[in-house]
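J.: Sequence:
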Amino acid sequence: MAVAPKLTPILNIEKLSERVIRILGCNPGDFRLQGTNTYIVGKGKKRILIDTGDSDKPEYISNLKKVLKEHCCGIQEIIVTHWHEDHVGGVPDIHKNILTESVRVSKFKRFEQQDEPISPVEYTFVENKHIFNTEGATLRAIHTPGHTEEHMVLYLEEENAVFSGDTILGESTAVFEDLHSYMASLQKILDLKPSRIYPGHGIVLQDPVEVITYYIKHRHEREKQIIAVLVNSTADCMTTLEIVNIVYQGLAPGLVMAACKNASLHLDKLVKDKVVERIDEDGEPKWRLLRANIKPSL
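Each residue of the sequence shown is one higher than the last, beginning at 1 in full-length UniProt numbering.
Mixed in with the good hints, there may be bad ones.
In the SDA-like style, the derived pairs of lysine to any residue whose C-alpha atoms are separated by at most 20 angstroms in a straight line are [stated by the list, open to error]: (1) K224 with D178; (2) K46 with N133; (3) K45 with K66; (4) K45 with I98; (5) K45 with E70; (6) K109 with I131; (7) K45 with I13; (8) K272 with K286; (9) K69 with L11; (10) K45 with T134; (11) K66 with I98; (12) K45 with C72; (13) K109 with T124; (14) K272 with E149; (15) K274 with V229; (16) K217 with H180; (17) K193 with P145; (18) K46 with G74; (19) K286 with A259; (20) K224 with L251; (21) K129 with E149; (22) K109 with H143; (23) K69 with I13; (24) K272 with C237; (25) K129 with E157; (26) K43 with H71; (27) K274 with H220; (28) K188 with R140; (29) K129 with N160; (30) K109 with H130; (31) K272 with L290; (32) K129 with R110; (33) K65 with I13; (34) K46 with V121.
The following label-pair restraints were derived from C-beta to C-beta distances [to be verified]: (35) P120 with E221: 42 to 50 angstroms; (36) L11 with F125: 29 to 37 angstroms; (37) V209 with S17: 15 to 23 angstroms; (38) P285 with K45: 52 to 60 angstroms; (39) P285 with K69: 49 to 57 angstroms.
Simulated from the structure, these hints should not be mistaken for laboratory data.
No residue lacks a Cβ here, since even glycine has one placed at the ideal position from N, Cα and C.
Generate the whole structure from the sequences, applying the supplied hints.
T.: Spelled out as structure tokens, the structure:
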């Protein structure tokens, strides 16, 4: 996630549409921008809460209580977009301080690692394309791995809008752990042609198709640069650092490690695309081009 130099202020509580209210998680930070966006969705006496922010944020709990009271509604269920603490951490506090009885907490299941337990409930694991219904809103769960393996976005049918979690952010680009999956997930969202994106961090995106197209183009251009370095190299294979020193010329020393991580994710994707081969020598990965005349793929 690239940190924006100056972020647009976001209100702690804001009604964004007739069926969407944003409550800011009161947990700003370099990788959380203004904080985690949590959303109350629906128009009835029971509504859906998307994401819960961090634990131990009494101001957030107070703001959530205020919204529920002002709109004369309760929480029907909670959906979390992915397992990160700043999205699931508030679940116990909400149960302790707001709910009189437990509600369902839904997410996609992790496979590479076990989901951490949450108290006082257990996750309800749902499948891709699961439909969540509440009065005034229909949400379709879409599996969008990349930021995390089990990441979920939610398509709000009544508004042609997407709750994007951490796959797409406002005022910043996202971090990811698997670029190959991430690019495919961006394309999934682009194919929806959403009119609006409600991100997990940052401002609402009113021009999402343009933003998603930029995300894809940005990663595509970096991929082309890496391939060009390998094509033009006189060596049989190159280390990640050797590639970074060419692609990111003039980079400040303190940013080299982050650039190597980013380049490694691109190279891992190119391995999956069968464009590049990984060779492990003396505990250090090296990279060799398999096919020179190939366009980077999504």
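J.: Holds or violated: K224 and L251, Cα atoms, limit 20 angstroms.
T.: holds, 19 angstroms
J.: For the pair supplied as a hint, K46 and N133, is the alpha-carbon distance within the 20 angstroms limit?
T.: Holds, because 11 angstroms separates the two Cα atoms, which is no more than 20 angstroms.
J.: For the range 29 to 37 angstroms, tell me whether the beta carbons of L11 and F125 fit it or not.
T.: holds, 34 angstroms
J.: Taking only the CA atoms, is the gap from K65 to I13 under or equal to 20 angstroms?
T.: holds, 11 angstroms
J.: Assess, step by step, whether the Cα of K45 is no farther than 20 angstroms from the Cα of E70, and give holds or violated.
T.: holds, 11 angstroms
J.: Would you check the hint for K109 and T124, treating anything up to 20 angstroms between C-alpha atoms as holding?
T.: Holds: K109 and T124 sit about 9 angstroms apart, inside 20 angstroms.
J.: State, for the Cβ atoms of V209 and S17, whether the hinted interval 15 to 23 angstroms holds or is violated.
T.: holds, 19 angstroms
J.: Range hint 42 to 50 angstroms: satisfied by the CB atoms of P120 and E221?
T.: holds, 48 angstroms
J.: Are the Cα atoms of K286 and A259 separated by 20 angstroms or less?
T.: With Cα atoms ~16 angstroms apart, K286 and A259 stay inside 20 angstroms; holds.
J.: Take a quick look at whether K45 and K66 sit within 20 angstroms of each other, Cα to Cα.
T.: holds, 15 angstroms
J.: Straight-line Cα separation of K45 and C72 no greater than 20 angstroms?
T.: holds, 6 angstroms
J.: Do the alpha carbons of K129 and E149 lie within 20 angstroms of each other, as the hint requires?
T.: OK: K129 and E149 at ~16 angstroms, within 20 angstroms.
This entry satisfies every hint, going by the numbered hints stated previously.
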